[in-house]
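Colleague: Here's the letter readout for the chains.
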Amino acid sequence: MSHLSMRKLVLGILGLAAFILVWKAVTDAKLVSPIFFPSPERTWAALVKGLAGGPLLAQTVETIQRMLLGWLLASLVGIMLGALIGISRRARVFIAPTLELLRPLPASAMIPIAIAFLGFSDQMVLVVIAFGALWPMLLATIHGFSAMEPRLYEVSAVLGLNRLQVIWKLALPSALPMILASLRLGLTISLILAVVGEMLASREGLGQSILLASRSFRSADLFAGIVILGAIGLVGSRLLSMAERRLLRWQAAAR
Amino acid sequence: MKAVLRNSWRAALLPVAVILVAQIAATVTQLESDSLASPLAIVSAFFSILADGSLMRATQDTLMAAFCGCVLGVCAGSLLGVVLGLFRLADDLLDLTIELLRPVPVVALIPVVMMLLGFGARMEIVIIALGLLWPSVVLARAAVKDVEPRLMEVSAVLQLRFSARLTKIVLPAILPQLFMSLKLAAGYALVVAVTVEITANPFGLGYGIMMAQQALRPAEMFAYLIWIGAIGWLVSLMLDAVQRRFFPAFSRGETR
Chain A
0 MSHLSMRKLV LGILGLAAFI LVWKAVTDAK LVSPIFFPSP ERTWAALVKG LAGGPLLAQT
60 VETIQRMLLG WLLASLVGIM LGALIGISRR ARVFIAPTLE LLRPLPASAM IPIAIAFLGF
120 SDQMVLVVIA FGALWPMLLA TIHGFSAMEP RLYEVSAVLG LNRLQVIWKL ALPSALPMIL
180 ASLRLGLTIS LILAVVGEML ASREGLGQSI LLASRSFRSA DLFAGIVILG AIGLVGSRLL
240 SMAERRLLRW QAAAR
Chain B
0 MKAVLRNSWR AALLPVAVIL VAQIAATVTQ LESDSLASPL AIVSAFFSIL ADGSLMRATQ
60 DTLMAAFCGC VLGVCAGSLL GVVLGLFRLA DDLLDLTIEL LRPVPVVALI PVVMMLLGFG
120 ARMEIVIIAL GLLWPSVVLA RAAVKDVEPR LMEVSAVLQL RFSARLTKIV LPAILPQLFM
180 SLKLAAGYAL VVAVTVEITA NPFGLGYGIM MAQQALRPAE MFAYLIWIGA IGWLVSLMLD
240 AVQRRFFPAF SRGETR
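Chains A and B are the protein sequences, given in the same order.
So for the first sequence, numbering that gives the first Met the number 0 puts the first residue at 0; every next one is plus one.
So for the second sequence, numbering that gives the first Met the number 0 puts the first residue at 0; every next one is plus one.
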């Protein structure tokens, strides 16, 4: 097994090296004008310069903060609302169809509405992130609750548990796999909306930074920003996958 | 039948109640606002943008871009995914690179593509295709790896050539999954299209809703919003129907 993953690692690094070499060859041969498409070295230099003393570090922190805040807000509201709706069959019958109807609505289509109410402000961006990331969490929680083993409800009735205890002790743990998966999706949506929000509302952050870099044809800075955004997405989803595996260990053991 | 009727009555109650309350509230307060509009005003705005043709033109632009981007992205991605699923060496070589490229949010590519191609349909199609590329690769690769190993053994015994193996064994086996991937991609393509239009591209429904907001015409803005939602809903409904028609066993398994 370790031999196998060793092979994967070596080949993977070889592949990555080849990718960077092809990138370098394309830019060195000037197949695309360097104004639009920087070489790997220039991107790396811009990245190092921006992070060490340049503005990139502050912008990265700003974007991560925005993303996390919106995501936390959406998770909290989504899971709480989802639990309230999911636990009652009556609420599900009345409310769930409307939510399903709203789900395909692109979150970015809410941006103009949010601008109309809040103007080009930080709150507007935050509301858009929270609203967009809310849906997966909300629907996963409702779905997880309604997919709970019916016998568990019967058990809870026999034990005389009240509604809060049912939610906390039975329904939430059994909906946990779905909720955790939706948390990861929500984080991806949060990052996207944070970038869009910063671009549109000209708020400090990576989104605004890459847009400005592209307008003034500073392609190395633009690519440096994209590299950081990719890294944020990668680290975020890896961390959540790790949390998922840890929190769901009991489930794997029970099988 | 009775149960369906009762359930649809319950499902309709909330939206109808919200619309009624909004209308009553707007009438009572004699609403005049730059950000809110009464349901009746939204309906009349909808018909006026429908009548002057701007809504249909924008819808056509957005759907066309989403469709082209979707086809391009899913085809390229599935092709790469099938190759990676069949050849382990290629998969091992590219896996790390793909894992590093995949998390880059698609909106981050808007400035790059804008710089290269300027505004217009082409730029939007390229961004949509790039956004759908990685999910399609991953789904197609997983589908190929899931193909019954005995089928591959059969193809080896029969000494099928690569093209025959592809068209006679692999593609038929993964067709339901490919359609599933197309279905997911279609919904996502529409989202990316509207996002690109709102953010940068002066074109389509996203631009329409943005302009309505900036012109302080809230009724028109909400009319666009509801229309965008309706289109997303219709597209997913249509693809569900196609899936049920052509891959009945697969959609049953999915809802289980």
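Check before you lean on any hint, since a few could be wrong.
Ranges between beta-carbon positions, derived for each pair [what the hints assert, rightly or not]:
#1 A:A17 - B:L13: 53 to 63 Å
#2 B:R9 - A:V31: 25 to 35 Å
#3 A:K168 - B:L170: 22 to 32 Å
#4 B:V17 - A:K23: 29 to 39 Å
#5 B:L215 - A:L160: 44 to 54 Å
#6 A:K29 - B:G119: 23 to 33 Å
The set of hints was computed from the structure by calculation and includes no laboratory data.
The beta carbon of each residue, even a glycine, is placed where N, CA and C say it ideally should be.
Colleague: Tell me the numbers of any earlier hints that the structure contravenes, in ascending order.
Modeller: 2, 3, 4
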